[in-house]
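Just so you know, the protein sequences line up as chains A and B, in that order. Heads up: the first sequence begins at 1 in the numbering used here, then just goes up one per residue. Heads up: the second sequence begins at 1 in the numbering used here, then just goes up one per residue.
Keep in mind the hints are simulated off the structure, nothing from the lab. Be aware that one or more of the hints could be misleading.
[Said to hold, decoys possible] Partner residues aside, some chain A positions facing chain B, computed with beta carbon under 7 Å:
1) GLY45
2) ARG47
3) LYS50
4) ILE86
5) GLU97
6) ILE239
Virtual Cβ for every residue (Gly too), placed ideally from N, Cα, C.
There are 2 protein chains.
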Amino acid sequence: MCELLGMSANVPTDICFSFSGLMQRGGRTGPHKDGWGIAFFEGKGVREFKDVDASANSEIAKFVRNYPIKSHIVVSHIRQANSGKIALENTHPFSREMWGRPWVYAHNGQLKGIKKKPLIQYCPVGTTDSEHALCYLLDQLKLDYDNRPNAKKTFFKRMHEILTQISVHGVFNVLLSDSEYLYCFCTTKLCWITRKAPFGSAQLKDDDVTINFHDETTPNDIVSVVATAPLTTNEEWNIMEPGELVVFKAGEVVAHY
Amino acid sequence: MCELLGMSANVPTDICFSFSGLMQRGGRTGPHKDGWGIAFFEGKGVREFKDVDASANSEIAKFVRNYPIKSHIVVSHIRQANSGKIALENTHPFSREMWGRPWVYAHNGQLKGIKKKPLIQYCPVGTTDSEHALCYLLDQLKLDYDNRPNAKKTFFKRMHEILTQISVHGVFNVLLSDSEYLYCFCTTKLCWITRKAPFGSAQLKDDDVTINFHDETTPNDIVSVVATAPLTTNEEWNIMEPGELVVFKAGEVVAHY
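Given the sequences, and given the hints that come with them, work out the whole structure.
Below, the structure is given as structure tokens:
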């Protein structure tokens, strides 16, 4: 099992609080000691930090935890290796450019036989089933669309179809973003919460930390957080259903399949 | 003008010393205050740090300077914006996957009219002429080779041809790596040095730092450093000629055109 963490927000927001909790699962409160990675979108640009060390001990993770990088979309992953050796090229998130956008992706689960799926344009750098699945997904989307599609609803449906098709191979909990939308697909374990005014306070499950979002936000802020399991103990998280795709934009759910 | 810094080594080596010097050119001893980026190869994986702040003031740059990430290939860039607004997506190095390898690239110079060159598969995310040139280069290589070529000499020659062709558009000093080779192409300003046993000491030009490589290395280490201008005052750097391509592998020059 790996842990996923995603965020979508209408204003650049730091994720230090949630990342704090997640990091503890990397070698301390959880068994995910085989590397971690986090990608921050800033406009169409992406800032990425990765490490093959357990996140609870990682110098880079400490830096990220203490340095509040503000971003409107975040995709993060801590890993317990089950496919592919422990190496930087096997560390999520994985990314590829498509239609002039950076596509960033993290996956939790195992996909049996996915590597037999032939690829066209995108090719894995590492040896994980996860990266193969990303390459397959992008290849399929590019077969259907030469350019970035304008008709979003049709596109979201096609995305849902391909994700569902891949999920036949096993467990496929996914976070995926193109710098505008955050796609969250669940087959076994994924949940989300949207925070907006009036903001309350939250108590982290994995670390002895409480935050009062009221002190950290403005009344117009809308922030959604997606995670493998609820990160806080005193809030109501939405538990996703198997086969469900939720699409976020600027902190809010814009589509749901 | 931007500053380039590259490294190729036969063992994982930290670049803190050279990066120290380069960083000072970002807003202190030089005018390159519009962002910087550095990519460290670790096997086929890449670790990348980027910032739109001047490198002399950047928190991330301070972290990178003090945290010795060991790598066998490094590609780094500090930027004075001349094409494309100051934004993360316009910050070098740029990277794309080709043939299952990450290709990382940084460019110094301006390329007039390059954006009129039609692209096939690779598409820029930002608005720089530099990224367009990378996409064009990779498209051309992929037209000639479906898969990673075995015949390296023929491939290096083809690489040199396309780089030369692009350089007709202006100034095109380039660092490019696929995790095995470091390609350095010069049209106006690029120089390199290979350090091996017996190691001496070096005095940084831009910062009040001296290092004795003898204390930091083993007798078998071979490390080449490539930069826009010599970084040290007491060593003999090889100044590259216009149109010259030097290819490094594991710290040493393996081809030269």
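Verification of the supplied hints:
no.: 1; hint: GLY45; verdict: holds, 3 Å
no.: 2; hint: ARG47; verdict: holds, 6 Å
no.: 3; hint: LYS50; verdict: holds, 6 Å
no.: 4; hint: ILE86; verdict: violated, 11 Å
no.: 5; hint: GLU97; verdict: holds, 6 Å
no.: 6; hint: ILE239; verdict: violated, 34 Å
In summary, the structure is inconsistent with hints 4 and 6 from the numbered list given earlier, while agreeing with the others.
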